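Asks: So the chains spell out like this:
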Amino acid sequence: LWDMQAMDRGSALAQLRRGVIEYCVLALLRDGERYGFELVKLLGAAGVLASEGTIYPLLARLRGDGAVATTWRESSTGPPRRYYRLTADGRRALEEFSEDWRRFRDGVDGVLAGGSVP
Amino acid sequence: MTTATKSDELRTAYVADLRRAARGLPKARREELVAEIAEHLREALPVGADEAETRNALDRLGEPGQIVAEEYRRLDLTPVQGGPVEWIAVGMLLLGGLVIPVLGWVIGAVMLWTSRVWTRREKLVGTLIFPGGLGAMVYLVAFAAAGTAETCSSMSSPGGPTITHCTGGGSTASDVLHIVLAVALLVGPILTAVYLARRIRRPAV
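Same order as they appear, the protein sequences are chains Z and B.
Start counting the first sequence at 1; every next residue gets the next number (the working numbering).
Start counting the second sequence at 1001; every next residue gets the next number (the working numbering).
The set of hints was computed from the structure by calculation and includes no laboratory data.
A quick note: this is a predicted structure, and the numbers were derived from the prediction, not measured.
It is possible that some hints are incorrect.
Subject to a maximum C-alpha distance of 30 Å in a straight line, what follows is the list of computed DSS-like cross-link-like pairs (lysine-lysine) [unchecked claim]:
| # | chain 1 | residue 1 | chain 2 | residue 2 |
| --- | --- | --- | --- | --- |
| 1 | B | LYS1027 | B | LYS1123 |
| 2 | B | LYS1027 | Z | LYS41 |
| 3 | Z | LYS41 | B | LYS1006 |
All chains should be modelled from the sequences, with the hints used to inform the complete structure.
Replies: This is the structure in structure tokens:
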């Protein structure tokens, strides 16, 4: 039973991550373009990334959805890198999510603290 | 001269695993994903990275199956998992020709080509090695045995010598050829069946 609870908690966290990570990527691009590995390092440092490899399918999805645009640029240390930047659509999605997230976080915090929702 | 280090070995093995796990993805995206991961490893690991560093980088990257699973979620594809139909198809390709001559194998081939589990290349392998499955071997061996059996006819005339005339009877060279052919016809379909069966189970998600 204890194992099952641990597992549920793990999968709840995994689902939370899955839901927010693309917006974390968009947020990291708010102030300028970055390349894939740079995003991985920043997300890893923030502790929101479960496995680094899954960022690449996610970036592909954001490209497909038109939330980010990309440009290849020469790098001084190796082969060219693909840089990601926010599109107007991406910026709008980020703003909407930031709003939703604040409301959601406050709601959950309130319930977890045992009080009623303010 | 450069020698492959343990780090190179681990990296190569990881990328190979990824490529295998990503087999079901559209080709263009599969190649792109593999290139992205290879590039990630180039960035994450310094030249001459040791084994421990490499293992840590690969752990952080996650299981290839996990990455591919995310890709499937993104594309909104369900990884194609084979079921009883695919197992029956493999069974019919291998043994169908023995149960129902010719037609049994044809049924297997139709099931192979209508399934979504296998790629075009796998279907070609399944069809071409060898048409008829094990049935082909049994019939060819039976046919060859009949063809090489010695048939003798004796003519004896009264008072004269008995003349025995024999036809058929394979030379040693053609015997060897028949054995090689029979073994190929036995082993080929079995290996193909294993090849197809292993691909019924796509990456675990």
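Asks: Hint by hint, say whether it matches the structure.
Replies: Okay, the hints, checked on the actual structure:
no. : hint                   : in the structure
1   : B/LYS1027 to B/LYS1123 : holds (17 Å)
2   : B/LYS1027 to Z/LYS41   : holds (28 Å)
3   : Z/LYS41 to B/LYS1006   : holds (25 Å)
Figure legend: structure checked against the earlier numbered hints; every hint is met.
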